[in-house]
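Start from the sequences and build out the full structure, keeping to the hints where you can.
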Amino acid sequence: MEQTTHEKVPENVRSAVSFALNRLAEIREGINRAADLERRVGQAGRYQADAFLNRRREIESARATLAEFRKVAPANGVDPDALIRFLGGEPDMTPSPEAQAWLEDSRGPVIGKMAT
Numbered sequence: 000m001e002q003t004t005h006e007k008v009p010e011n012v013r014s015a016v017s018f019a020l021n022r023l024a025e026i027r028e029g030i031n032r033a034a035d036l037e038r039r040v041g042q043a044g045r046y047q048a049d050a051f052l053n054r055r056r057e058i059e060s061a062r063a064t065l066a067e068f069r070k071v072a073p074a075n076g077v078d079p080d081a082l083i084r085f086l087g088g089e090p091d092m093t094p095s096p097e098a099q100a101w102l103e104d105s106r107g108p109v110i111g112k113m114a115t
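Residues in the sequence shown are numbered from 0 upward in steps of one, following numbering that gives the first Met the number 0.
Calculated directly from the structure, the hints in this document are not laboratory data.
Backbone N, C-alpha and C define an ideal beta-carbon position, used for all residues, glycine too.
There is no bait here: all hints are sound.
Pairwise CB distance ranges (calculated):
(1) 9 x 38: 37 to 45 Å
(2) 96 x 57: 18 to 26 Å
(3) 11 x 96: 35 to 43 Å
Right, dumping it as structure tokens:
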């Protein structure tokens, strides 16, 4: 019987990938909580952007782990995305348009026309 993808991956590698995915999921939950707060207080994107900035290094580290796994796994007969799906999938870390506006300009999104 042939091993499935996740059975071919050494435990230490699987743990590192799982840790990276869990870290991203935790950060995404925090960003979602920030979005809920923004809806209540009317600060679209501000708190989400803060969450992205405050956790930037953790996001980069987790993504680097996943990128390295995706690079090395195929040479070892492993479908990296199959394991990532098996472990719960990679959360979407794309900032909302409002958060992206805050990330691009710390003064926040410009509403309406700007005076020239």
